[in-house]
Amino acid sequence: MSIATEDRVETLARKLAEVRRSFQPIHSLPAELVPPDVATSYRVDARVEELLGWEPLGWKIAATTPAMQDRLESDVPIRGRTYARHRHQSPARLKMSALNGPMVECEFFMTLARDLPLRDTDWTEAEVAAAVGTVHAGIEVAETRYVIGRRPGVTGLIADASSAGQYIFGPQVHLPPDGLAGVEVVLYVDGVAEQRGTGADVLGNPIRALQWLANDLRRLNRSLSAGEVISTGSITGVFYARPDSLFRVEFGSHGAVEVTFEAA
Numbered sequence: 010m011s012i013a014t015e016d017r018v019e020t021l022a023r024k025l026a027e028v029r030r031s032f033q034p035i036h037s038l039p040a041e042l043v044p045p046d047v048a049t050s051y052r053v054d055a056r057v058e059e060l061l062g063w064e065p066l067g068w069k070i071a072a073t074t075p076a077m078q079d080r081l082e083s084d085v086p087i088r089g090r091t092y093a094r095h096r097h098q099s100p101a102r103l104k105m106s107a108l109n110g111p112m113v114e115c116e117f118f119m120t121l122a123r124d125l126p127l128r129d130t131d132w133t134e135a136e137v138a139a140a141v142g143t144v145h146a147g148i149e150v151a152e153t154r155y156v157i158g159r160r161p162g163v164t165g166l167i168a169d170a171s172s173a174g175q176y177i178f179g180p181q182v183h184l185p186p187d188g189l190a191g192v193e194v195v196l197y198v199d200g201v202a203e204q205r206g207t208g209a210d211v212l213g214n215p216i217r218a219l220q221w222l223a224n225d226l227r228r229l230n231r232s233l234s235a236g237e238v239i240s241t242g243s244i245t246g247v248f249y250a251r252p253d254s255l256f257r258v259e260f261g262s263h264g265a266v267e268v269t270f271e272a273a
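Residues 10 to 273 (this note's numbering) are what the sequence shown spells out, left to right.
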């Protein structure tokens with residue numbers, strides 16, 4: 010990578026890290042700072058992680074359904090680093106003023122019970138399923154560090170941790186991680202059903218999202234560790250947060266997750 014490209018990575022990473030602290034989004038990103046490819050985008054996200062120095066929570070995965078891939082302009086899943094300070098328990102209350110373009114997404118959160126260390130071959134679906142300790146019903150409140158409508162394409166999105174945001178943990182789902190395909194998920198906003206889907210909408214089964222992540226990181230000589238939480242991708246798409254509205258997501262018979270957004 011040329012020095013000039015390294016300079017661009019550093020400049021964009023510093024801009025994105027600053028938005029995390031100031032809540033003042035980037036209004037327009039100069040063309041020369043837009044990452045030219047996905048590999049450069051992930052370098053920016055990794056540098057943002059270094060600059061912030063925050064305790065990690067784990068990873069988010071996005072673009073795991075056809076609808077989300079169309080929306081995000083990517084024909085493969087994408088990922089981003091998440092942070093422990095953004096972990097909440099349902100029912101949660103979040104202030105709109107402390108969020109950047111919040112969007113509600115209905116997801117499964119998988120917590121690893123053991124490491125998936127570096128090795129020479131890809132992880133199988135059965136192997137990653139066996140590494141999962143718990144699965145929780147969850148809401149990701151995705152965020153963007155760019156002004157809404159001005160995100161600079163998929164490479165800009167990935168550089169921004171694939172819009173990683175806040176993570177609201179609901180009840181534990183007492184199913185094996187490879188048995189989530191049939192779980193019905195419904196998003197209610199102020200009591201009105203707005204979106205619905207099933208676990209099968211995520212790559213056929215959400216465990217395959219975790220498998221994708223483990224193998225994507227493996228090829229970059231990175232690994233997953235016990236205790237990390239993986240948000241496996243939105244089942245129902247996205248729904249923009251509204252102030253003073255109650256968002257409730259029901260995960261079939263397994264319980265519900267709630268978050269309210271405060272206007273002030």
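Keep in mind that a hint or two might mislead.
[To be verified] Just the calculated beta-carbon pair ranges, DEER-fashion:
{"id": "1", "residue 1": "232", "residue 2": "19", "range": "23 to 33 Å"}
{"id": "2", "residue 1": "76", "residue 2": "201", "range": "31 to 41 Å"}
{"id": "3", "residue 1": "134", "residue 2": "249", "range": "46 to 56 Å"}
{"id": "4", "residue 1": "123", "residue 2": "213", "range": "32 to 42 Å"}
{"id": "5", "residue 1": "60", "residue 2": "135", "range": "36 to 46 Å"}
Worth flagging that the hints you see were computed from the coordinates, not collected in a lab. Please read these numbers as outputs of a predicted model, since none were measured by experiment. Yeah, the Cβ is synthetic: ideal placement off N, Cα and C, and Gly gets one too.
Here is what the structure says about each hint:
1. 232 <-> 19: 23 to 33 Å: Between residue 232 and residue 19, where Cβ atoms are some 26 Å apart, the hint holds.
2. 76 <-> 201: 31 to 41 Å: At 20 Å between Cβs, range violated.
3. 134 <-> 249: 46 to 56 Å: Taking Cβ atoms as reference, residue 134 and residue 249 lie about 33 Å apart, which means the hint is violated.
4. 123 <-> 213: 32 to 42 Å: For residue 123 and residue 213 the Cβ distance comes to about 24 Å; the hint is violated.
5. 60 <-> 135: 36 to 46 Å: 38 Å, holds
In this structure, the hints that do not hold are numbers 2, 3 and 4, in rising order.
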